[in-house]
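S.K.: Protein chains in written order, with this note's numbering: chain A, 1 to 452; chain E, 1001 to 1357.
In case anyone wonders, no lab produced these hints; they're calculated from the structure. Glycine residues also receive a C-beta, built at the ideal position from the N, C-alpha and C atoms.
Computed footprint of chain A on chain E, listed as stretches where at least three residues anywhere in the stretch have a Cβ under 8 Å from a Cβ of chain A: (1) 1197-1203; (2) 1212-1218.
Only some residues are given here: those of chain A computed to face chain E with a beta carbon under 7 Å: (3) 290; (4) 293; (5) 294; (6) 296; (7) 303; (8) 407.
What follows is the residue order along each chain.
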Amino acid sequence: MKLAGLHIILKYIILLGIMPMVFAQYPVVNTPSTPKTHSMQVVTPTFNRGTASQGFPASKSYSTQQQQNQKLIDEVEQHQKEQEERQKRAQTLINEAVSHFSTPYILPSYSNEKGTDRYRKAYTALGAMEKKPFSVKEAVFTVENAFYEKETGYDEFNKVIQQTGDFIKEKMQEFGYDTNSNVAKNLMLFQFFSDTLKTKNELTHLPLAYDFDDIWGKKDWSNMFVTKLLESGKGQCHSLPLLYLMLAEEIDATAHLSRSPNHTYIKFPDDNGMKWHNVELTSQILTTNALILQNGYIKAEAIQNKLYMHPLSQQELLSQMYADLAMGYQKKFGHDRFTKEALQKALELDTNNITALLTQANYYTEMVVHVFTQLGITQENIQQELPKHSKALALFQKMVHQHKTIDAIGYKKMPDAIYQKWLATMQKQKDNQQQKAMKEQLHKLTKSLPKL
Amino acid sequence: MRKIILILLLVGITVTAQDRETLYKEALVSLSEMLTDTTKINFKKAVLLVENAYLHGILDTLAFNDEIDRLTKFTETIYKNRSLLYKERDSLTVKKQAVLFSVLKDTIPYYNETGKYKHIPFTYDFEDIWGRKNWENMFVSKLLQTRKGNCHSLPYLYKILAQELGANAYLALAPNHVYIKNQNKKDGWYNTELTSGQFPNDAWLMASGYIHLDAVVNKLYMEALSDIQSVAMCLIDLAEGYNRAFPANDGSFPLLACEMALKAYPHYINGRILRAETLKRILEQKIQQEGGEFNTKVRENEEYKEAFLFMQNEYATIHHAGYRRMPEKMYLKWLSSLKAEEEKYINKEITNRNKSN
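From just these sequences and the hints, can you work out the full model?
M.R.: Shown next as structure tokens:
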């Protein structure tokens, strides 16, 4: 009994995002095992953060010591970075050398690097989910765990989600929502993400915040992950909707992932299946289609081809998981046969998965650059040289074709700055009249009708 | 030589001019031939047939063709003397589009043997925008005569001129509205709005709240229409003109035109609506002739019941596909929103690129 109580407290602490590091024994809370490593195991780094920061006497005045520490840490980091760069260059050279002996038409493979086996395992695991209805929780965990290179941890991850689901169910009862209504379930989920709620033992659950830092996962790809969201209570347009889907699964609510340029959000149907509602989790608002369209980068063709604003089916969601897997691999290692295969799989499941299409186009671009370098084709001599190499020409045409296809189905690149501006306009919607009216309307739908 | 043929054609038409009904039937046959035999597709001819039938065959085809020729030659001249900021590989096609837009919407000074002149652009006619008072207000021939047109005649003229120039141009629909879609290498699909002479982005059409998202998904609107689809539109124009020419008709002609048009362009929303309305009218007429109350008759007579259910189903499908009626006031407000919210809805890339050096 006592133990269960402790678990519940722990779980709120996690979701509240209060200093998760304190509870290091709680595996999900634990920091992932250094996902940053561009691990080239050729040379062992001379320094690492741990030894450097420990080696200082505690006698000096705090601020000077801190400054010194910082300086040293910076130096060490600088050094580390250079080291990594060197390693990467060395590896590239080795790879190039190796591939030169075989054929210039294959990208250097990373398959012998530490950690890639995790990705292959994850790929197989996703494959097993194709045949039957799969659990979003399991799929997302599989993809993220491949990046973290951890053996275990699913049980804990699962537990956190389950317990959060229970909490949401309790709250529904408490608020007197109709527990059979899909609108009610989704409204409760929305409240979980956007409102401050009290737990039974008077703990406070805070809304899940938007993390403005590193929204594209450029510094650290794991910033896109649900695991990171659970640890910090902060997420972005990738992790927040995925957590929503996991929790929806937990409480038997129907909700779908939906894409817009550089973005994902939630769509759920009302109880008559007549109308779709949109939930925007980054700014915690209910959105209208008009608001989404106002970003100006959604073409009619993109809607007609279901690139955007279309509720993803199970199969299309799984396609997204494969694309996420490929992108994680690419960020960690780079493009090679693995990404190609994973993306092909993604597109098999959803031909218009724009994330997969774009990543695939990148793959081919990288491939062409690689092949051209190998063959010594440059901008100056391309007219004469390219026709001599029929295979390179075919590859080049394939790349052009990829980009053309993407344009033809209505894709238009939305610049980052404009995306952020658009997110800001969404933030402004919070608490305006329309929001209130929309919430009120949902509230009305959640109460079961009085029996006549 | 060409002129002689045209004169002969004109004579041929005037001979049959007395019988409007025959003209309509002939036009229907010609248009349906275009739909079955793509080598016969000619948008200009299709438009002429539709307008001429309504005008009792007295449309001055010669003058119409002369004016189209003159505009085409004028456009070609400007095309030769202009260079664009746009520098992609398809810049020549893009230039055609840009010049054509200029000819329709810009004031252009020019010189010829007799002196200096000004080319006056075509403007939007706010009078009777949907041809309710006078159906001729929808016509390209009216636009050519008065230099004023609407969202029907302006894009039609654009398409006709594009065809003459050998350039691509696609008609596209919005509620009660037609505009132009084009494609270039750099921006993909983009829109040309001739009523206000601007290049709005798709958000203007979708986010201004006048088009249901489902209507876009189901391609009721905002689809770049092929030549076949454009001719199918002419068929519906023909049927609508017929209804105005013969208000008391029994519905068989418009129904036939609808069936033909929908065979080529099954999701054409105006065709779907006209067919449903025609079916309704036919049913009402039948019951009225027999005498009796509509509601009771529909319930008692199996045949009527079936027709009624089919019609009802049609209306439901149309609604479900995302169609909503748009009143005239709302439409005008929407058109003007492009001016009012330029910042949000104008495709700046195209607007800038279409400028010449």
